[in-house]
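In full-length UniProt numbering, the protein residues as written are 1 to 257.
Since the hints were derived computationally from the structure, they do not count as laboratory data. A hint or two may mislead.
Cβ pair distances, simulated, as ranges [to be verified]:
#1 Leu249 to Arg122: 18 to 24 Å
#2 Val223 to Val79: 29 to 35 Å
#3 Leu254 to Phe135: 42 to 48 Å
#4 Phe139 to Tyr242: 28 to 34 Å
#5 Arg73 to Leu249: 39 to 45 Å
#6 Phe96 to Arg63: 33 to 39 Å
#7 Val223 to Thr94: 31 to 37 Å
#8 Gln2 to Lys69: 43 to 49 Å
#9 Pro97 to Asp71: 35 to 41 Å
#10 Asp131 to Met34: 23 to 29 Å
#11 Arg73 to Arg233: 23 to 29 Å
#12 Gln2 to Asp71: 44 to 50 Å
#13 Thr124 to Gln2: 49 to 55 Å
We put the beta carbon where it would ideally sit given N, CA and C, even for glycine.
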Amino acid sequence: MQELIRVIILAVVQGIAEFLPISSSGHLVILGSMLGELGESVTLEIILHAGTLGSILVVFWQRIWALLKKDRRVVGLLVIGTLPAVVIGLTIKTQFPEILRSPLLAGAMLIVTGIMLIVLGRLTPQSGTYDRLGFGAAFLVGCFQAFAILPGISRSGSTILGGRLMGLDRDDSVTFSFLLAIPAILGATVLAVKDLLEDGPSGAASVETLLIGAAVAFAVGIVALKWLIRWSREDRLHWFAYWCIPAGLVVVALNLR
Numbered sequence: 001m002q003e004l005i006r007v008i009i010l011a012v013v014q015g016i017a018e019f020l021p022i023s024s025s026g027h028l029v030i031l032g033s034m035l036g037e038l039g040e041s042v043t044l045e046i047i048l049h050a051g052t053l054g055s056i057l058v059v060f061w062q063r064i065w066a067l068l069k070k071d072r073r074v075v076g077l078l079v080i081g082t083l084p085a086v087v088i089g090l091t092i093k094t095q096f097p098e099i100l101r102s103p104l105l106a107g108a109m110l111i112v113t114g115i116m117l118i119v120l121g122r123l124t125p126q127s128g129t130y131d132r133l134g135f136g137a138a139f140l141v142g143c144f145q146a147f148a149i150l151p152g153i154s155r156s157g158s159t160i161l162g163g164r165l166m167g168l169d170r171d172d173s174v175t176f177s178f179l180l181a182i183p184a185i186l187g188a189t190v191l192a193v194k195d196l197l198e199d200g201p202s203g204a205a206s207v208e209t210l211l212i213g214a215a216v217a218f219a220v221g222i223v224a225l226k227w228l229i230r231w232s233r234e235d236r237l238h239w240f241a242y243w244c245i246p247a248g249l250v251v252v253a254l255n256l257r
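Work the whole structure out from these sequences, hints included.
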């Protein structure tokens, strides 16, 4: 029962923080440092990513279908936008893997995320659409996504900010952010599968518990994603700064003691 509760806690955090601009990686690193081996399970990481990926596919299935049928140019934009995260992500994972598990860094970057959200809240509304985005602009949004490799930097918050800075309107900045998330989450899952194959299963969770975790992450992810879309339209995403900055300060203070 204790194992199940831990997995559900991590699944809820993953489902909420993967989509809301508060950084799933930062929160999972911080929780992982408290939950021990189970919090750092590669197997669990794969399962939770699969759950949240399913949330994106459900909420954005019409746009994804349109990409496959007629918006082929957008596929190219997503490829270009994914390149920075691939290069930087692989570099950090292979050369500096320890920083991806640092609660102190996660706390500091939560503060940075809060500052980015405050900047986002002060931007003038634009009217650009993602299907008319230039390839250079898509690459720059991808650089914002690459920055989110660091634990504590919100992937959704940084890419939505990047899209808004490139002239996208609120809805399309969110849409492009989560279309860009599909290859990013798939890539992270592939890397986790590679680690799993090399090192073997990790963590103590049973198959049934992992499936429950995936289902919880999926369901919570759908709710969180719809919440994000609604709050973006209402220009309230900067409200999440009031969570990120205090939480980051507390984590930094606790880890500097």
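message = Which constraints among the numbered hints does this structure fail? Numbers only, ascending.
response = Violated: hint 10 alone.
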